[in-house]
Amino acid sequence: MSATSIETAAPGRQIRGPSALGGDFRRFVNLTRTLAVTDFKLKFFGSVLGYLWQLMRPLMLFGILYAVFTHVVKLGSGVRFYPVVLLSGIVLFTFVSESTGGSVGSLVDRESLVRKVHFPRLVIPLAVVLTAYFNLLLNLIAVFVFMVASGVTPTWRWVELPPILLFLGVAATGVAMILSAAYVRFRDVRPIWDVALQLLFYASPVLYPIEKIGNDHLERAMMMLNPLAAALQQFRHAVLDPSAPSAAAAAGGAQYLLVTLAIVIALFGLGFMYFNREAPLIAEEL
Amino acid sequence: MERAANAAPAVVVDSVSKTFRLPQERIHTLKERALHPFRRSRYEPLQALREVSFSVRRGEFFGIVGRNGSGKSTLLKCLAGIYRVDSGAIYIDGRVSTFIELGVGFNPDLPARDNIVLNGTMLGLSPKEARARADAVIDFGELREFEDLKLKNYSSGMQVRLAFSVMIQVDADVFLIDEVLAVGDAAFQQKCFDVFNRLRDEGRTILFVTHDMASVKRFCHRAVLLERGELKLIGDPGLIADNYVEVNFGRDVGADGERPGEGPRFGSGLAEIVEAWFEDADGAPQTALPQGGRCTYKMRVRFHEAVDGADLAVLFEDDRRHPLFATSTSDNGKERGYDAGQDVVFAVRFDNVFAPGRLYASPWVVRSGGTDLLDRRPRMISAVVTGTRSTGALVDLPHEVLVETRQPGAPEAVA
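Protein chains in written order, with the working numbering: chain A, 1 to 286; chain B, 1 to 415.
What the hints contain is simulated information worked out from the structure, not anything from laboratory work.
Note that the structure is predicted; figures quoted are calculated from it, not measured.
Idealized CB from N, CA, C, for every residue including glycine.
Do not rely on the hints blindly, as some may be mistaken.
Label-pair distances were calculated between CB atoms; the ranges are [unchecked claim]:
1. Leu199/A / Arg21/B: 34 to 40 Å
2. Asn153/B / Leu258/A: 53 to 59 Å
3. Ser156/B / Leu21/A: 34 to 40 Å
4. Lys41/A / Leu46/B: 38 to 44 Å
5. Gln47/B / Pro162/A: 28 to 34 Å
6. Arg21/B / Val259/A: 38 to 44 Å
7. Ala67/A / Lys152/B: 18 to 24 Å
8. Pro45/B / Ala203/A: 44 to 50 Å
9. Phe25/A / Ser17/B: 41 to 47 Å
10. Arg21/B / Lys74/A: 55 to 61 Å
11. Gly94/B / Pro162/A: 39 to 45 Å
12. Asp139/B / Pro191/A: 47 to 53 Å
13. Pro45/B / Pro191/A: 28 to 34 Å
Just a sample of chain A residues kept apart from chain B, beta carbon distances all over 12 Å, derived [said to hold, decoys possible]:
14. Leu59
15. Ser77
16. Tyr82
17. Glu98
18. Gly105
19. Phe119
20. Val123
21. Leu137
22. Phe186
23. Asp241
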């Protein structure tokens, strides 16, 4: 039979070694989801108050910053819904910090998986981002409670929320791919990224409103190059306070936001390329 | 279409090579990299696999054996897709499941059910399938009453049971198994064997890395023997197992065996046991003696002075100093006198019925009818008895086994 001889020449599929994505998309999705759900569940198990702690962290930070910046340094004066602006900023920053910071050691920590099972390597950092998303969604519930309490009125512009979160997630994933793969080789990545996260916190309008930044457009436009800053600004404009400048307005025109978008896409593309290049060797380098 | 022996192979390994780069000094920090920008990290290449080729038929139980560091686990990891091969290609037909370690991905802080989903997903099930099979897994592992316990509170035996139960729930066409049997008690190992038998009967293809020659002979249809990354032999499990034992023991005999002249010795020195050795059936000196084969013990004795009558003797012992067998010239009526300066070769030809392990020879020469010891060399030489039939007993005599069935009231029948 001729079919048999062809099969003998190339039976089955070739085993090409580990890769970032792997061939089976459903398995990729299943694994990412299972790992993320497990990590998320583990937050509930083990501690008495379980998920409350997850909520407490941003709330505590919020409480402290709110006390300091409304009573000591009156940064929030003149900002509508300053408490909610502050809280939402903290929650979104927490997402970025959890997804990127958590991804740094993710491959190394899951060494036993990486060295013993064949699966698409990208699953691991992606699961970290997904877990951070779960936390973000629950934290956003707290934000919405505050919004209702503060008297924010719902508008149709809330539909902008999912794209904003997606935009932030793409940026975080790009960074997560770079950090996790780089950490396998260079252990300095962790302290460097810890510092970078602090920088990011102060380089984004979390504590202070963008209106307090200089008068010239250049400074604000520069600030809007930071994807987190742009996301926060747009969130404030679309969800909390339409009278606040949108990201485009702060950047001095929608065309400038395209640069920010390009940065995010470049981060993601670069991250994927780097991770994809490193993926086959991760099991050996660990 | 039925699974004929000449059907397409399930696994093809085509001249696969794999080299690891072992860094001599690892550059772990950017600072080191920045301080020495031009220093290439020096690597010592370690060739783990060298042009290995073989193919495995569908439904075959295939053993991969070799010493530590022979590359068998590397081969399995290449097959599993955990390592990328440097050259050559691997083709696998069908769904693959890898068991390099039981319970990969288990999390100690989660109860059994969550861990089943976690481990099952890692092994290739969808979460839905894994959840659907969780009950079957728990029942098979006999863990129903511990279902809600966190894994960290499981005993290690229970963890192994859980892990194994998940493993057998995974449908795959090709199983890659690495020394899973090394863990667990006898009952668990029996369970493993039962499952392997079932998988084999179902026509799954199994590649099995092991040190245990008994299971290779018991289960495998064929096997390969790897040595230093090269395929040394492929074929019948019995042949592979015998070669493995030789490769394993043949090399280190002499390394830790006592050398002639170095052990303790007793006696007046009128005669001297100069050397001793074992020979195989063809008369070639050997340090490894196949079990069941014919072999010869020989020693050369030099008489420095004339002795009226001397008795030459040898005692074989195992490594726990159990005396196994002794014989002498006087036992066989070959006692006689020797002249000064005479060289005598004393030989004992025997069927090697000893159990696999190290065999020591302690020869002596004594004046006839007395206790006047001329020379005695306890454990002067040793050889390794190679074989795979290990019963735990000291010897393995040629024998046959009969089983009689007797029906009450019926005439006697011999089966």
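Problem set entry | C-beta pair phenylalanine 25/A, serine 17/B: status relative to the range 41 to 47 Å that was hinted | 31 Å, violated
Problem set entry | Closest CB of chain B to the CB of glutamate 98/A still more than 12 Å away | At roughly 19 Å from the nearest Cβ of chain B, glutamate 98/A sits farther out than 12 Å, so the non-interface label holds.
For this session: Evaluate the given range 44 to 50 Å for the C-beta pair formed by proline 45/B and alanine 203/A.
Result: 46 Å, holds
Exercise. Is it the case that phenylalanine 119/A keeps its Cβ farther than 12 Å from each residue Cβ in chain B?
Worked result: Non-interface label fails for phenylalanine 119/A: nearest chain B Cβ at 7 Å, not farther than 12 Å.
Problem set entry | Beyond 12 Å from every chain B Cβ - status for valine 123/A | 10 Å, violated
For this session: Test the statement that phenylalanine 186/A is away from the interface with chain B: the closest C-beta pair must be farther apart than 12 Å.
Result: Label violated. Min Cβ-Cβ 6 Å, cutoff 12 Å.
Exercise. Does the Cβ-Cβ separation between proline 45/B and proline 191/A fall within 28 to 34 Å?
Worked result: 33 Å, holds
Exercise. Cβ-Cβ distance between aspartate 139/B and proline 191/A: within 47 to 53 Å?
Worked result: 49 Å, holds
Exercise. Do the beta carbons of asparagine 153/B and leucine 258/A sit within 53 to 59 Å of each other?
Worked result: 56 Å, holds
For this session: Classify the label on glycine 105/A as holds or violated, using whether its beta-carbon is more than 12 Å from each beta-carbon of chain B.
Result: The claim holds: glycine 105/A sits with its nearest Cβ about 14 Å from chain B, beyond 12 Å.
Problem set entry | Separation of tyrosine 82/A from chain B, once the least beta-carbon distance is taken, above 12 Å | 40 Å, holds
Problem set entry | 12 Å Cβ clearance of leucine 59/A from chain B | 25 Å, holds
Hints 5, 7, 9, 19, 20, 22, counting from the list given before, are not met by this structure.
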